[in-house]
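Heads up: the sequence lines are chains G and D, in that order.
Sequential numbering from 1 applies to the first sequence in this note's numbering.
Sequential numbering from 454 applies to the second sequence in this note's numbering.
Worth flagging that the hints you see were computed from the coordinates, not collected in a lab.
Remember, predicted model here, so these are calculated numbers, not experimental data.
Possibly wrong hints are sitting among the right ones.
Over the 10 Å line for every Cβ pair with chain D, so calculated as not near, a few chain G residues [as the list claims (entries may be wrong)]:
#1 N153
#2 I222
#3 L316
#4 L320
#5 L422
What follows is a set of in silico ranges between Cβ atoms, one per label pair, in the way DEER data are often shown [stated by the list, open to error]:
#6 D:T529 to G:A137: 57 to 67 Å
#7 G:A137 to D:V531: 38 to 48 Å
#8 G:A39 to D:L517: 29 to 39 Å
#9 D:T529 to G:V409: 35 to 45 Å
#10 G:L278 to D:T510: 35 to 45 Å
#11 G:V409 to D:T480: 53 to 63 Å
#12 G:N2 to D:W476: 34 to 44 Å
#13 G:G406 to D:L535: 47 to 57 Å
#14 G:L113 to D:A503: 45 to 55 Å
Short, incomplete list of chain G residues facing chain D, as computed with Cβ under 7 Å [to be verified]:
#15 N181
#16 R291
#17 L292
#18 G293
#19 A297
#20 R362
#21 T364
For every residue, glycine included, the Cβ atom is placed at its ideal position computed from N, Cα and C.
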Amino acid sequence: MNILKDEPYGTTKGFLLSSAAWMVAGSLAGFIGAVEMVAPELLGNIPWIAFGRIRQIHTNLVMFGFVGSALVGAAHYLVPTLLRTPLHSERIGKASLWSWNLAITAGVVTLSLGYTQNREYAELIWPIDIGVLIVLALVFYNFLQTLRRRKENLLYVSIWYIVGSFVFTFFTYFFGNAVWNPETGSIIGIPDAVLAWFYGHNIIAFFFTTLAVAVAYYIIPIVARTPLYSHTLSLIGFWTILIMYSHIGTHHIIQAPVQTWLKVIAVTGSIGMLIPVLTVLVNLWLTMRGRLGNIHADVAGKFVFAGSVWYLLTCLQGPLQSLPSVQRLTHFTNWVVGHAHMGILGFAGMTALGGVYFILPRVTGRSLYSARLADIQYWLILIGMTGFFVVLTTAGLIQGNGWLNGEVVYRILPEIHLYMVLRASLGILIAGGAIIGLYNIFMSLYGPKGETS
Amino acid sequence: MFYIGWISLTASGILVGILVFLWALKTEQFSDQGRARYLPLRDDFPMAQAQNPSKATGEVYALLFVIAIGLAAMATTVILTLMSLGG
Ligand code: HEM
Ligand code: HEM
């Protein structure tokens with residue numbers, strides 16, 4: 001078997017299938033973590049799934065495995081298509097695909113064995129960090145070469161976002177993981193907190209957000225069957241996100257003794273973020289105006305539209321929770337976990353799934369195995385995500401309010417127990433959706449010819 | 454003095470941005486915005502067509518409901534914040 005086989009869109013197909021598989025594994029890991037919060041003793045004290053480890057396995061799997069693979073796979077379709085030029089090298093693409101999956105697998109194994117650098121979203125140990133950096137460099141090189149040979153000189157906004165994402169993610173990952181300190185992957189003291197959240201924030205901004213926005217900008221005009229409302233506006237959004245988003249990571253540590261001027265920059269920048277966010281949303285929504293029926297006739301359009309709604313809510317919440325007085329209430333509570341799921345699953349994840357279902361028929365040349373199963377997955381995730389949001393926000397407000405009133409943790413925990421039970425139950429919907437998705441995506445790639453969508 | 458590092462990191466990000474912006478100007482990326490809007494539309498893969506393209510479907514109402522819940526949650530948060538400030 002030739003794992004670097006040169007076949008049209010082979011890289012994209014590989015990434016899409018990987019995403020589906022990691023979504024199953026990642027949601028199940030999340031589910032285990034949720035069960036441990038309901039009944040800490042239930043699963044015994046198996047070290048490799050102890051909460052501290054399974055949480056990191058969950059976040060790495062769902063973020064880099066599920067959402068990351070889908071978005072990188074989509075980028076491998078969008079770049080050649082929009083540049084009207086075949087991908088520079090499918091073999092390099094395949095090499096990045098396998099290295100990416102190897103890095104994620106190694107990540108799960110090492111995290112479960114307790115090898116971690118313990119900085120959020122930067123937990124993976126040094127050798128794996130190097131693997132991730134190599135993948136990012138390979139992908140960037142492949143895109144750059146494709147760009148240089150492009151037949152379409154004009155770059156559509158999605159291309160700007162994709163290329164920008166890989167440049168910024170490489171640097172964010174390199175500096176954020178302090179790769180020059182292999183032992184710890186960190187520097188020390190407060191400077192490290194600032195660096196860690198420079199990283200934690202920028203990886204969300206310049207990997208998940210920008211790639212998801214690229215996918216949305218591509219799919220919406222096609223599904224709505226109309227040109228983008230304004231390309232100029234889309235570019236304004238791109239350049240403002242570049243300027244606004246890169247230096248506000250300190251809003252994650254407003255409660256820590258960090259220099260005040262850094263906090264001021266972070267809070268003002270967070271509010272300023274409304275500009276790039278609204279340019280994207282206004283542009284997309286004006287493109288679909290009067291065409292919502294068309295958007296929802298197509299399962300991919302549906303996922304992307306729901307993603308845009310979650311983007312709105314996440315980014316209204318974001319500036320709100322960056323305000324120090326609000327954060328006194330919400331920080332360190334489940335409120336933030338609600339925001340995180342809304343951003344990564346609701347916005348980036350649903351948009352990524354839209355990308356998957358849009359691209360699959362185009363790279364296989366036949367319709368989806370089942371549009372109906374994709375539709376069921378849509379509802380499971382939408383309902384599950386909405387439930388997560390309500391439950392986690394409520395639990396978070398109970399925690400924050402109680403603590404501000406001087407109540408101690410052990411009295412608050414029983415009060416939020418019910419919400420932890422609800423969260424675990426809702427997780428079944430999302431995990432179920434993931435399993436259905438994997439089946440559908442696998443069958444669309446390798447199964448018999450399916451129904452027409 | 455760690456923030457020298459932070460400032461150089463942020464500044465180098467912005468610098469890269471400016472350089473690419475200049476490249477974009479040079480290669481006339483901002484000149485033909487009217488055509489750029491149409492670039493995705495070369496996709497001609499057959500797609501399902503709604504009978505009435507402008508009709509809002511059940512999904513739209515479900516999402517409006519989601520927005521309403523989201524706004525209500527944020528309003529509650531603001532109220533609790535204000536109460537905690539007052540007390
Ligand atoms: C498949 C899509 C999912 C994505 C993209 C996702 C994403 C995330 C992210 C980003 C975090 C970190 C939150 C933070 O640090 O604030 C997180 C934590 C968590 N997630 Fe998920 N998640 C997904 C599904 C699930 C499912 C199905 C469950 C099961 C109930 C779940 C349960 C959890 C738990 C228990 C935590 C830890 C929260 C804590 O430490 O308090 N997630 N998830
Ligand atoms: C206008 C845009 C946004 C702003 C201003 C913003 C702001 C914030 C702030 C202030 C926090 C820290 C909360 C705390 O710890 O108390 C946070 C956490 C988080 N945000 Fe956002 N956010 C925005 C958009 C997004 C988007 C689009 C995503 C996902 C793609 C996202 C994902 C996350 C995640 C995963 C966390 C949890 C980090 C952790 O583990 O503590 N955010 N956000």
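Which numbered hints fail: 1, 2, 3, 4, 6, 9, 10, 13, 15, 21
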